[in-house]
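A.B. asks: Protein sequences, first through last, are from chains A, B and C. First residue of the first sequence? That's 1 in our numbering, and the numbers climb one at a time after it. First residue of the second sequence? That's 1 in our numbering, and the numbers climb one at a time after it. First residue of the third sequence? That's 1 in our numbering, and the numbers climb one at a time after it.
Hint data in this document are derived by calculation from the structure and do not stem from the laboratory. We put the beta carbon where it would ideally sit given N, CA and C, even for glycine. Wrong hints could be hidden among the right ones.
Footprint (simulated), chain B over chain A, 3 or more residues, beta carbon under 8 Å [unchecked claim]:
1. 73-82
2. 226-239
3. 266-273
4. 322-333
5. 483-489
6. 654-667
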Amino acid sequence: MTVTTDRQERVREGLGSSVKRPDGVPKVDGSFAFSSDLHADGMVWGHILRSPHPHARIRSVDIGPALAVPGVHAVLTADDVPGDKNFGLEHADQPVFAHDVVMHIGEAVAAVAADHPDTARRAARSIVVDYEVLEPLVDAEAAITAAPIHRDGNVFADLVIRHGDPSVEGEVVVEGTYEVGMQDQAFMGPESGLAIPDGEGGVDLHMSTQWLHVDRDQVANCLGLGHDKVRMTLAGVGGAFGAREDVSMQVHLCLLALHTGRPVKMVFSREESFLGHVHRHPARMHYRHHANRDGRLVKVEARIVLDGGAYASTSRPVLVNACCFAAGPYDVPNALVEGWAVRTNNPSCGAMRGFGAVQVCFAHEAQMDKLAAALEMDPVALRLQNAMKTGDRLITGQLIAGTAPVAALIETCSAAPLPAEDPDPDPMGLPGGAGRTADRARVRRGVGFALGFKNLMYSAGFDDYSTARVRLEDGVATVTCAAAEVGQGFVTLAQQIVREVLEVDEVVLAAPETATIGSAGSTSASRQTWMSGGAVERAALAVRARLDAGEQEPIEETYEHHHPPTSPLDADGQGDAHVSYIFAAHRAVVDVDLDLGLVRVVEIATSQDVGRVLNPMQVVGQIEGGIAQGVGLAVMEEIVLDGGVVRNASFTDYLIPTALDMPDVQIVALIEEPEPGAPFGAKGVGETPTISSSAAVAAAVRDATGLELPRIPIRPQDISLAQR
Amino acid sequence: MSETATFRLNVNGEQRVVEGAWVGESLLYVLRERLGLPGAKNACEQGECGSCSVLLDGTLVCACLVMCASAAEQDVVTVEGLPEQKGELTDVQCAFLDEGAVQCGFCTPGLVVTVHDLLERNAAPTELELREAISGNLCRCTGYGRILAAAQAVVAGRSGSGRSQREPSA
Amino acid sequence: MSGPVLLPKSLDETVAALRATPDATILAGGTDLMVAVNAGMHRPETVVSLARVPELRSWRRDGDELVLGACLTYTEMEHGDLAALVPALCQAARTVGSPQIRNAATLGGNLGTASPAGDTLPVLAALDAVVEIRGRDGSRSIPVLEFVTGVKKTALQPGELVTAVRVPVLRGPQEFLKVGTRNAMVISVVMAALVVDLDGRTMRLGLGSVAPVPVRAREAEAYAGGLVDWAADGRARIEDPGVFARFGELAAEATAPIDDHRSTADYRRHAVSVCARRALERALG
């Protein structure tokens, strides 16, 4: 039941037009309330004391010095957690406060509330913790068989996918071992929130997060309170990209509020932010690609190890994703994939845009290029020959029933005109920029191509439904939906949908909160357009039906939107685990300083499979932003770990692309083949721009240098020292 | 709290008194926590992100790196003070909205101030000059494409040509 | 205005303030100090701000030298007449931080912080700059290579401040190269500053981020300096292409780089050799 397109002409600012965001004006004039902007009368400030060791036994904690600091209202430790001592998205293994052992650098040990944020910080630092430093387990491969560092063991998840006949061999075999470093989401708005006790044993939490209800549930469990006693409201979110899916300060804030009887605000510093949220799983992947001389893929073998860090978070589903999509968007008749997600004393890893697909994409695309070279085939032609299409099967056996315009992506993206080489480039535009290091004679241009894909929505039996309410009263439509707006523009879409269906101009968005509406699921997995957009649409259509039947306003309808059920994977990794898929192609052009190894990404061209464009401007924004993160992972972003200690927890040394690093983006084609079953026929577009853009950049650098470069981020020494 | 300071600042054309501020408080902290001006944002407190960009005596600086008491009697302009009239939006702010340059919005106030400053000093920047001018403002959501388009739209609008020099690629 | 931040209006007032509280925190641009304050690593008590001292903010020509006020900002060093007189300093200034940082951060602050990665330091080393200091006991001057004594350590005594830096006005090409893994806002991995003095017929190479303090690659300087045809076609040049590579090798040998989270010693040595060579090629090739 989707809206027909002829309505677009009749409805102003409906689906398909570049409607401006409803929160845009406050965002440009500085009045938009991010979670770090919140205030309450009488509020005090919270600060968390964090472990300086990646692995240590806690012998004792002396909070006396902190309590003695003037202006301190509360000092809390593990003993003060009244309910469940642990929380966690899949598995509650993460302590609110470490009690007997710390498992990763920066783990929370205590929390302080005080009159001034500086006082809270000083007081926290005055707490004396007696640590017995332990040897950290930091090697993911070794963790598989090492002595357990946790009572739940070192393996969060392991799985095998056997597809077709795994014993088959191809005429040509290429292999490689690939690595992806730990990327950080590095959103701009640091974790922050405000907890207000209600005076009756309950608490209201205003928090920037990705999934209100699941946060609420974990907080309530840890506080030993019923769900009705913990009410969460979404505060303005300054970006997320997966890092806010796990609880960070929520329990600490509520605990401090309930203990002090005062509103408590906490804002992480950038360093705390780096230490206080999950990261992208570092991966080590060994692959063998088998093909016949005619270029047809015969088999893909992969062994994937993901370093999940100290706690489980979402390591299992990340691993499932990585394995399911390990062979890439190709028709692969036989496959053997083995994967592990393991526990170490490195920082915890969880969701980041791409969710496992980014890592394997880097590997499988490097492999496809190696295969093309071995077959003496053009790498684009090789991909075209094996491109997945509707009716093919994944390596998990699932039929691709929906749209899969992979060939169109390849053809359009690879045919895009290349940027001209400037005969007299401005030195600022060369590798090295203002550093003036480049010698034009030693700058080589390279071009690389990559394809990627992943699932939309959650998988393997998880029912990630979404709920929305639409109320029509006095000609004004009000939408209530707990979908977290993190910048992606769901708020705009919600208005567009309701304007389209109800043909009203004024659409108001109620505050997303747990007290007034059911769960909308997480803002992740590129799912909100389909799931929450679908919930809003269906609620609006139900209102419409009643209007058309002659009912008078006010009319209100609530709809809980479920996607078709999926199945878990069996012991051979087979099963109909996914709802739908998104595909993208990227072509990167880079200039490389061959002697210094500095890389300038000149242009990324892309074709994306979008189902239907509901807001062109917002789609462009997602694509360009996602590509920026892919570029960052390819050439500059990595959390540097040294024995489990983070060496670069700051923007000084965790480098994300600036405007001088970001290439031009050429959006070659937005393939609109409406996806059956998707509301409006639209797929999500949040993740695919990130998935194969890193792989494309790496391929381009390989083209320029002739080097294998099996690891991202590519560092200057990977290029320059190999050339000597 | 040890030493405190009391001083005056001219913020967005209005004289403001700051009393009993701890000596180490940055201009950013004072604006946000004492003067009710939360437009400037704190994303790093190290001068590495530009989200706290303000004009101090007409010069673009990171407010997080200004020891507020040392800015006594100086003129501060924040994003809130850019429009000539309250409730209006500047052409830069409008362009950010029109061109889709705002997603989460956390970097937006700093960028709006930075673009204003650039265009006061250079009415017709090249693309590289534009990129260099905003290279001190990190954005994690947009990839800068729509931000550059917004700045170019303002340049075109102010020069009266009415046509952006840089069309979006879509 | 009341409180612990002193805003002297002249150098004399500044020195007097420092004499009264020699432990006072000196505040110039604040771009290093406030990072430490914001992180709770430095808790200022009395602060002497240099922001309103006009002598520190200006520069002047004194014969064949420039006297650069300690509170000159990078933006001021990047533009105008000063930029033309000391091109390597202008080039270095442009690579510092961001426009926001460059508008506030100062030459004196770069010296006072004395980071091994300080962007002006290799340039000042190549220029044989002299640091002028004032304190309770009067004025003194120290060559920059004696001023920076270790990682974030200087020869400044309590109650002293850097007031100016003297650099020569030289006729000849100057090149500053900085390697970083991002095109803006990046701490250098290595830096090379080459200054050619056509009249004095010398060349000087300052290197940064390759030792605890800025380094002069004297062997490289002597080697290449001896091979320059100083009067060729009215423009000095080095004819033998092999000299440039050898110059780079010798420059690398002058370094003592480390492995850290930004880079490796191996890469730094290699990058110095490349940058030194390219600087020389541009200047005298």
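A.B. asks: Given that the region 226-239 of chain A was listed as covered by chain B, double-check it with a C-beta distance under 8 Å for 3 or more residues.
C.D. replies: Result for this restraint: holds, n = 4.
A.B. asks: If you look at each residue in the region 266-273 of chain A, do at least three have a Cβ nearer than 8 Å to any Cβ of chain B?
C.D. replies: holds (count 3)
A.B. asks: Verify the coverage statement for the region 483-489 of chain A against chain B, using a C-beta to C-beta distance below 8 Å and requiring 3 or more qualifying residues.
C.D. replies: Satisfied; 4 residues make the cut.
A.B. asks: Under 8 Å between beta-carbons, do enough residues of the region 322-333 of chain A, three at least, approach chain B for the coverage claim to hold?
C.D. replies: Answer violated; 0 residues pass the 8 Å Cβ test.
A.B. asks: Are 3 or more residues of the region 654-667 of chain A near chain B, judged by a Cβ distance of less than 8 Å?
C.D. replies: Since 10 is at least three, the answer is holds.
A.B. asks: With a C-beta cutoff of 8 Å, work out whether three or more residues of the region 73-82 of chain A approach chain B closely enough for the coverage to hold.
C.D. replies: Three-residue rule not met by the region 73-82 of chain A, so violated; n is 0.
Checked against the numbered hints above, the structure violates hints 1, 4; every other hint is satisfied.
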